[in-house]
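What follows is each chain in one-letter form.
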Amino acid sequence: MNVKILIIEKLKENFSESIEKIEEYRDDLSISINSEKLLQVCNFLKSDPELQFIMCKDITAIDWAKKDYRFEVVYHIYSFKLNYTLRLKTKIKDPDEGIESAYSVWQSANWYERETYDMYGIKFKNHPDLRRMYMPEYFEYYPLRKDFPLLGIPGSLPLPKK
Amino acid sequence: MEELKKEKKSKIIDALLKNRSYLTVEDPLENELILNMGPQHPATHGVLRLVLSLDGETVIKGIAELGYLHRGYEKLAENMTYLEYIPHTDRLDYTSTMCNNVAYVLAVEKLAGIEIPKRAAYIRMIVAELSRIAGHLIAVGTFVMDVGAVTGFMWAFREREKIQEIFDRVAGARFTTSYTRIGGVASDFDDEAIAMTRKFIDEFLPALDEFEKLINTNKIFLDRVEGIGYLSKEDAIELGVTGPNLRGSGVEYDVRKAKPYLCYDEIDFKVPVYYEGDCLARYFVRLDEMRESCKIILQCLEKMPPGPILANDPKKVLPGKTEIYTRMEELIHDFMLVNFGMNPPEGDIFFSAENPKGELGFYIVSQGKGFPYKLKIRSPSFCNLQALEKIIQGAMISDVVAIIGSLDPVMGEADK
Numbered sequence: 001m002n003v004k005i006l007i008i009e010k011l012k013e014n015f016s017e018s019i020e021k022i023e024e025y026r027d028d029l030s031i032s033i034n035s036e037k038l039l040q041v042c043n044f045l046k047s048d049p050e051l052q053f054i055m056c057k058d059i060t061a062i063d064w065a066k067k068d069y070r071f072e073v074v075y076h077i078y079s080f081k082l083n084y085t086l087r088l089k090t091k092i093k094d095p096d097e098g099i100e101s102a103y104s105v106w107q108s109a110n111w112y113e114r115e116t117y118d119m120y121g122i123k124f125k126n127h128p129d130l131r132r133m134y135m136p137e138y139f140e141y142y143p144l145r146k147d148f149p150l151l152g153i154p155g156s157l158p159l160p161k162k
Numbered sequence: 001m002e003e004l005k006k007e008k009k010s011k012i013i014d015a016l017l018k019n020r021s022y023l024t025v026e027d028p029l030e031n032e033l034i035l036n037m038g039p040q041h042p043a044t045h046g047v048l049r050l051v052l053s054l055d056g057e058t059v060i061k062g063i064a065e066l067g068y069l070h071r072g073y074e075k076l077a078e079n080m081t082y083l084e085y086i087p088h089t090d091r092l093d094y095t096s097t098m099c100n101n102v103a104y105v106l107a108v109e110k111l112a113g114i115e116i117p118k119r120a121a122y123i124r125m126i127v128a129e130l131s132r133i134a135g136h137l138i139a140v141g142t143f144v145m146d147v148g149a150v151t152g153f154m155w156a157f158r159e160r161e162k163i164q165e166i167f168d169r170v171a172g173a174r175f176t177t178s179y180t181r182i183g184g185v186a187s188d189f190d191d192e193a194i195a196m197t198r199k200f201i202d203e204f205l206p207a208l209d210e211f212e213k214l215i216n217t218n219k220i221f222l223d224r225v226e227g228i229g230y231l232s233k234e235d236a237i238e239l240g241v242t243g244p245n246l247r248g249s250g251v252e253y254d255v256r257k258a259k260p261y262l263c264y265d266e267i268d269f270k271v272p273v274y275y276e277g278d279c280l281a282r283y284f285v286r287l288d289e290m291r292e293s294c295k296i297i298l299q300c301l302e303k304m305p306p307g308p309i310l311a312n313d314p315k316k317v318l319p320g321k322t323e324i325y326t327r328m329e330e331l332i333h334d335f336m337l338v339n340f341g342m343n344p345p346e347g348d349i350f351f352s353a354e355n356p357k358g359e360l361g362f363y364i365v366s367q368g369k370g371f372p373y374k375l376k377i378r379s380p381s382f383c384n385l386q387a388l389e390k391i392i393q394g395a396m397i398s399d400v401v402a403i404i405g406s407l408d409p410v411m412g413e414a415d416k
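Those protein sequence lines, which keep their order, are chains A and B.
Just so you know, the first sequence maps onto residues 1 to 162 in the numbering used here.
Just so you know, the second sequence maps onto residues 1 to 416 in the numbering used here.
Hints listed in this document are in silico derivations from the structure and should not be mistaken for laboratory results.
Check the hints yourself; a few may be wrong.
[To be verified] Taking lysine-lysine and the DSSO-like style, the derived pairs with C-alpha atoms no more than 30 Å apart in a straight line are:
1) A:K93 with B:K75
2) A:K125 with A:K162
3) B:K390 with A:K89
4) A:K91 with B:K110
5) B:K257 with A:K89
6) B:K259 with A:K4
7) A:K146 with B:K110
8) B:K270 with A:K125
9) B:K118 with B:K75
10) B:K270 with A:K4
11) A:K81 with B:K390
12) B:K369 with A:K21
13) B:K303 with A:K4
14) B:K259 with A:K46
15) A:K146 with A:K67
[Stated by the list, open to error] For the chain B half of the interface with chain A, some residues (derived, Cβ under 10 Å), not all of them:
16) K18
17) I60
18) I63
19) N79
20) G148
21) V150
22) I237
23) V251
24) Y253
25) E346
26) I349
27) F382
28) L385
29) Q386
30) K390
31) D415
[Claimed, not checked] Beyond 12 Å from chain B on every Cβ pair, some chain A residues (computed):
32) E9
33) P49
34) I62
35) D96
36) E97
37) E100
38) K125
39) K162
Bear in mind the structure is a predicted one, so any value in this text is a computation, not a measurement.
Glycine included, C-beta positions come from ideal geometry on N, C-alpha and C.
Here chain B stands alone, though its shape is the one from the complex:
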């Protein structure tokens, strides 16, 4: 065991010091320092471990190590029905659970070829956008806290709390929502939920103005993040970065516009793009996206038609509870769906949706059975973290914290 430990340590250090062997300076003060940051570090947003080699206060190279929160969700998916997997998607990006739920069921619906009712599509859009605001609030809140503005963190969490209350109303849970079902959603977005959402947006927009007034004109904050952590457009594309981080580098790419799913093609919204590519640009993209999300929610509430919230497709979609208790046919369908799963035809699909962190994709291979043969999660945080090693090269040690905060990784998603 001792030998194994030694070997493990040396492999990471080897990767860090690859192709460099100039530790020959006589003066000990001129030598490089190797610093271990995390996995238990308040600014790494979870259990991310960085091994940095430092020259004074400058980072020469950094290596990220993942896997401290690896729970094997891809293996679990191969051993349960499509319906059973929905609660596990909550645990991917736990700051915006609804977006994960929506992306997963859309992928399964694409695989099985299920059309969902219009009302369900609008409800999904509303909860996904609310969830996006919640995710971005955490992102900007923790980002400004990482660079010293604790008030911003408190203000962001105050607003986020109201979104959790709406989720509590519609889904019955604040965080682990598991709200969507294959073919629709679990419960209707009722009048009280609509009233709560309207009230939230009425209060949120002035609160966001207030937040911007406090933070965006703060000289200390601007000096701390402006021009830090530069990621060029070419590098961002080359490294597979998506979401606000890509748009902060000047690429106008949003899955909601590029490949509209649900009813995003019927909604009028803009995709905020900043061209600076630094921490501040990524922060501004998130602020602007929250405003756009509010616009989308208001339009959805206007346009949301009445009607059913689950598709009528008895072989694939769970029937309603009252029908199960009163009718034989529905009881049989329910039994078959719960115990053996719906059997989508043989084939494989890739579906991706725009999440707060970036593009969340699911690659599902079906063999015609009730369980997926393979399910691969293309998690945006994982891909965005790959750019971290590139960005921190040559940065100051104190800026590493700001850079991680601006990239906004969630380790639950990156480690799967």
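Chain A on its own, in the form it takes in the complex:
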């Protein structure tokens, strides 16, 4: 059976009401999922014996700069059994409220989520160690947001005294 059809059927069977959108572009399958059900879907994808998405390759976010939902968190997960990389997307209404951390499913989510928090300011609930990844602790802005200027904000990074 085709891998994509298998994944879609399996998900539709169990989570038909929480799937928001299924897209396919250049052979990449991406599935949008309601943020409340995300953790359950991740757990299912990891533990189902036919799917086994046991590796999380990447977590990032997109700033759509829109009013109704601004951020979208993107997960890339890989199954050795199916030899397939699947993309999951979930919309975030309020970055301060955030989303449930995927750390309980994949341990590698630890640093990926820290990086996403550092760059976009999205909070991950129940994350073991949500500190900034690259920027200094006292930095107040989130650099990859679309309203952050390319040249930076003067004075946001104090320079050493001459």
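Place chain B on chain A using the hints.
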């Protein structure tokens, strides 16, 4: 400012000492010691900072801090055309620049749907494999130097120098190559470059034998790294480790085999796997991969067909210089491509390629404009470093150096 500094310090220490508060022993000699290692440390391969808490010579817990080389390449990518970004990919993993160039343009080609000519695909494979050998030579060279064998470092760099000369010939630069273009490569891999490559492989294989003879039978080296830094198969997958580090833990996963890109499906090569999961296994994987790379290069040189090196797709691929100077149509295309970029259709793709350090992935979101709306780099060094905190738990302080060397992170890539 002073208060801010204090707060910053305490946050890292907090993370280090999380869930542990047994600093109550009366005898001061029994207490834990907190040791700061790096960012300026010769064995951390760049600007990696580790904060270790020690009990005697045993590491209880270590926290890695990144960001000392953060240059914001993902932000820069959103503000320049796809073509302009190629030189920035050189600065990711600066020990194997060609592999980054190849992975990036393949991702853009997947996004825009460009077919490249066969000769260009073979040239890309040759330079990527040469670059892989160069990257692994640095990896094994610095690894053996970290544990005390300085001769190995010198021998590895001697061989690497010859690869840089080949790159100088084909790309015009030794390190910052920027050799690939969207739709092909910048210049042809000519007869002299082929002769240089053949000569290099003829000399490299005996040199590698010599290197192995010197290092692999050395009792001091083996005692120093065997059984050190154990990473189990399950942990490696769980922590997102890829590349030689994953194969050293017994997982046969190589993107070139799992999802063949370019013409890797036409080439006969093996994926070396070791099952021990220690520093020595990771070192052996790299040595064997260099031999496999030589095999791939020789086959590519045999099979490389003649023909064009750039795709004929005027709306997306830059035309040749002579055509720009002599024909109006090409001049217009060149002007539009350079100033406004090629506009790939709306959509998003994830593409990953096998780099010396692991799986380098690019996630690109296009809004139909000349600039990417978002470009995310899935850098292998970053993901591999995440396993470091797990591995060094319970290791000796002197082994931390060997473990970092065997994981082979490049901070230019980890910090982006």
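Checklist entry - What hint numbers does the structure not satisfy? => result 2, 8, 9, 13, 17, 20, 21 and 34
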